[in-house]
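> For this one, chain U is given, so just place chain S on it according to the hints.
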Amino acid sequence: MPPGTISRRDMLRSVGTGLGAVGLARTLAAGTSSPNPLAVREPHFPAKAKHVIHLFLNGGASQVDSFDYKPMLGKYNGKPYPGGNLKTERKTGALMRSPFEFKEFGESGLKISEIFSNLGTCADDLCIVKSMYTDLPFHEPSLFMLNCGHRVAGHPSMGAWLTYGLGTENQDLPGYIVMCPGLPVIGPQLWSSAFLPGSFQGAYVRNDEEDPEKLVSYVRNPRLRPRQQARQVELLGKLNRRHLGQQGHAPELEATIHSMEVAFRMQVEALDAFDVRNESTRTRERYGDGDFARGCLIARRLVERGVRMVQVYYGNMQPWDTHQDIQRMRKLTADSDGPMAALIQDLKASGLLDETIVLISGEFGRTPTVEVSGRISVQNGRDHNSHGFSAVLAGGGFKGGLAYGNTDDFGFKAEENPVHPHDLHATMLHLMGFDHTRLTYRHSGRDYRLTDVEGKVVEALLA
Amino acid sequence: MRIKPAPTIGAFSALLCLCFASSARAQSGADAVEFFETRVRPVLAENCFACHTSTKLGGLEMVSRSALIKGGNSGPAIQPGHPERSLLLKAVKHSHERLKMPPQGKLTDEQIGNISVWIRDGAVWPDAPATQAGDASRITDEERNFWSFRPVREPEPPIVRDEARATTTIDRFVLKRLEENGLEPAPPADKRTLLRRAYLDLIGLPPTPRQVRAFVEDDAPDAFANIVDDLLASPRYGERWGRYWLDVARYSDDKLNSTQMEPYPQAYRYRDWVIKAFNDDMPYNLFVKAQIAGDFLEGGKNPNLVAGLAFYGLSPQFQDDRIDATGRGFLGLTVQCAQCHDHKFDPIPTEDYYALLGVFNSSKVDEFPLADEKTVAEYQKKTAEIAKEQKQLDEFLGIQARQLVEVLAGNTSSYLEAAWNVLGPLRRGVPEVAHEFLLDEETLERWARYLDHSPRDHPLLDRFTEFLTDPSPGNLRPWADEMETLVLDVLREKRRIDKENEIRLGGEDSSRARNEVELLSLERDRHFLWRDLGSAQAFTAAVGFDHGVLYYAGAEIDRFLPAAWREHADRLRAKIESLQKTLPEKYPFLHVVHDKDDPKNEHVHIRGSKDNLGAEVPRRFLSILGGREFKTGSGRLDLAESIAGPDNPLTARVMVNRVWLHHFGRGIVNTPSNFGRMGEKPSHPKLLDYLAARFVRNGWSIKAMHREIMMSDAYARGSESVGKNEGIDPDNRLFWRANRRRLDVEALRDSLLQVSGNLELSGGGEPTLVSDPANRRRTVYSYVSRRKLDKSLGLFDFPNPNRTSPQRIGTNTPLQGLFFLNSEFVMRQAERLSDRLIDEAGWDDAARIRRAYWLVYGRPPKKEELAMGHEYLRGGAGAWASYAQALLSSNEFLYIQ
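Line order of the protein sequences matches chains U and S. Going left to right, the first sequence walks through residues 6 to 468 as this note's numbering numbers them. Going left to right, the second sequence walks through residues 909 to 1805 as this note's numbering numbers them.
Extracted from the complex, chain U is given alone in its bound form (with noise of 0.2 Å):
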């Protein structure tokens, strides 16, 4: 086994049933003899990003109308497509331009459409990867493959490579953080551990309230007042330790124990990190109102405290999959162009954004071409694509101020250095300190990893 990857032995070992103290510190080069899972593990080398924020506008956001501007597609407007029969789900009719315009941001001139003009004022921070593509226009297998590397159910996600690979920084909060107001498409099985221990799923929380005690689950005793509780925890941990002293040596009993602990700490940890009326009217109001608003703000105090990877759904099963009006897009991004704008900022002023990589993106793009099919009332909207579209990313070791690859002239397809998910998860990954063929995990006879068997860093994309 090369170094560095962690047997299904080991982890097994580690999280609980089985668990020495010497057979971890052997293993997880922390040098830790934490039972924990989720205790800091150091990656195959030094890393330049700690942290993933995915914020994911799911239904496959239109490239051709946010950052991926194609004059061409005004000039030939209504004219059929040339670049051939590229399949789509449904049916498409004549090129259609982009209602919006763009402008040039920042010194790095990006341009970006109008109604992104509050993330444009980060221009100089943002990395755009014009010429992302993937395999299906179709959106389960596309959700499969942005977030599990794979096109069907049972793989896990990529917040639970992360956490399986680095642990976290906050043991008194989950490693790994999914907020939606509701569902996406799909749902839990996105951010799913599958094989992997069930430590590293994703937390799912509801981002659709204020107070942080109906968002967490069991956060707050209904009954008893702290002290009681703390009296309770007490007397716990002297059964267990009495229980524990008859048993000789039980790593797995210990291992309870201390999680036990903190989960009696995370109580008011928890309750902290989720609860937004904590911050200053003025951030609040740069963040605006809304939930996906509330959803960014939350997933920056969960990285200033420590969580490893944190995902903010737009919102339930998939509003930027517009079919049939493009004009959507002002209202979608009327209440997330700006908190997500605020974010980067804030991490930016923090100095978070050096070791925390920003992702905005969708499972696929849109076509250039107007839809027509019979699934759709009204012509004026555009259809799964998944030969192009675009992806943002900031921060964590990114290079600022680029424009990555290119899409044909009409944003169709991804021409000019071509980036798939695979390639996409084999850069993050590598930032964070992995190379992403040895973040391997022994399961049913053979090695899984989160890029299946492809994938290649995209060193151009580095700073």
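Rather than coming from a laboratory, the hints here were simulated on the basis of the structure. Fair warning: there could be bad hints in the mix.
[Said to hold, decoys possible] Straight-line alpha carbon distances no greater than 20 Å define the calculated SDA-like cross-link-like pairs of lysine to any residue that follow: (1) Lys1296(S) to Glu1485(S); (2) Lys1494(S) to Glu1674(S); (3) Lys336(U) to Asp1433(S); (4) Lys243(U) to Leu1781(S); (5) Lys1696(S) to Val190(U); (6) Lys1696(S) to Val157(U).
Okay, now just chain S, sitting in the frame of chain U:
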């Protein structure tokens, strides 16, 4: 090196004569091949190939006739036609002075004789291994000889040094390995620990205080055997062990629908069938066959066999899942890995995958009614009738509603002017204005609500907002007239487009058809104007509307209808209602698979791509397991027989290993669904074979297997560490002590319910939600979701039901700690427990503490524990419930020792 003549040539000649009779047939080519394949190759495979194929010890590679003639470092291994001059024969006869093979023990005389005959007859060794079918040509002898593919042979129980300790045959095998490794078995567990272990193992519930006392006091030698028998006879047993199988079968009460919950209406019948099969001790081979081909057993009419087909009928709707679950679940083989290429580690050529894909592609998901034909026919007739009447009503009302839209749209100008009176500076009331303008009050109210809300998705009515601040807008009327013309024009165009689109769709209405066809639509802004006013469907942009402003749906429209029209609608409604009243609940049915009418072979998909087809592969079994060709229908029956047949080396081994795993917390093969090269090697290969052979010999009885395992000393050991063993075998791979195991989520929740006196033992039927506070049933009866697994099940490592799951991975997380500290569920059980203590022990603290220890831990408290309790309980009101909660959250309760 010169080989000396063998000194025992005389004896050898005699042996040769003895064998001559059997070799007489081995003259012709085909017979010679058969002789080699049946008498010689298996012997070589079992005894020689491990070192002399790819490993080439001594330079010898026994892969072909020519390789043997070439030989190794000691010269040619055979000289065809001359057994007496062949080094191979000397070596196996131990007549060579140095080479005595195989090192693990001399072959039998018969085996040696056969090798001799084979060499004498020319050492025929066909180029490709001759199997019946299947693409086995790429499988090497070394692969064939891999431990799990060798036939199961019941081994002789080994002799152990300390015979007194070898209570059972199982113990001989276990002790032998302990002795070999210098390990000392841990002392036996005390009776209480053993009893608790047996209860939690077999039925997933702890023993009651009474049961503990009875057992502790029972000194009869068969006391524990009686306990095991009682537990195996309990209906609670199937509820525990059935669940283990449901993990493998990726059982779920719903589909992974990407947008909403989509329950299977009667999935639970499979869950109940599995539980019953375990309780009835259905022979495991039949259990397997029922799940693959229950529709072919006993004429396909026995629901108790057909019910098993939900293994596929309820599975995720992907064939690769079905192949994966078949391979790993029944055979411990990762067949799915061969989808895009030959398996990288195991002898599973990619053709094998497509041979099985043909089977599943020739089957389809179906329902198997558990009602007589008449009931089924009647139900279907009635539902069709209701649907017909409903459609008629909907169509009738739809036409009226659309006409009403036109009628009301003809008054648009007046409504806009009236709305200005309501929303503008005058702020007049709706009823008054409607009266004055001779308009429908509700419609005006709707217009006002709509115009008051902005922004709209189109700008066409934006001018109205400007008029609102103007105390006497002179241009309002002309603008309103203009709008009326616009609205009527949009409605006209919409009608035209709809008609044209209907023609373009040609009656096709599936979403697939709609994806492909190019339809017409209104221009964007005009569309949204139409939608806001005339759409029959809900749209997100509207506030407080289920449909367009002018659209009156369902009964809303009644007041606009002339009497005769309304009577017509009412008649249809009455008819539907009366039909629905007589419609019985849907008859019970099973989720199954059936054969399609035209079973077909598949082609290999090169690199897994269905656009790149290779050769057609006949439907057949895995090459390494004989490659039997499938003849009946889809081939499921042949598949079932191949898997559950007595010659399959994997099926029994895999299942006894699963049973062992759940008793010991670790399998003999600790990758229970992977017996291939990348799986773990068995820690006790002979024990595994002993158990597998016994299993088959005992009619594939799982209960007999439990009995045999549980009566061993190995099972009854304590979990305490033995100092010197830790350095040798810290993982306890050799079972020198019992493994400490945390209760899985089912045993945890059920035990909490039982101890607090809340467990409800009614079993079977519709699933209940774990999250429902009123749900006090055993956890196995909970709703299991592929889309959204219950929060607390997920928290405690319940397996993801989207794939077959070999074993639970027990995690230990702070979030679980929060569950014990703060969840309503745990606190409720703690409160109930503290109430129960009063009921059963009165108000005396000491008595209650004692009772609590008996209920929760199955033992009396020690003196210090009593004192600890007293001290804590001085904490005042509520202290008892919080005390009970601490006991229920403690490790002694949560772990099987």
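> Decide, hint by hint, whether the structure agrees.
Each hint, compared with the structure:
For a cut-off of 20 Å, the pair hint linking Lys1296(S) to Glu1485(S) stands: about 13 Å separates their Cα positions. For the proposed pair Lys1494(S) and Glu1674(S), the alpha carbon gap of about 14 Å is at most 20 Å, so the pair holds. Among the hinted pairs, Lys336(U) with Asp1433(S) is consistent with the structure: their alpha-carbon atoms are about 16 Å apart, no more than 20 Å. With a CA separation close to 15 Å, the supplied pair Lys243(U) and Leu1781(S) stays within the 20 Å bound.
Using a Cα cut-off of 20 Å, the hinted pair Lys1696(S) and Val190(U) holds, with the two alpha carbons roughly 11 Å apart. Simply put, Lys1696(S) and Val157(U) have alpha-carbon atoms about 16 Å apart, close enough for the 20 Å limit, and the pair holds.
Going through the hint list in order, the structure satisfies each hint without exception.
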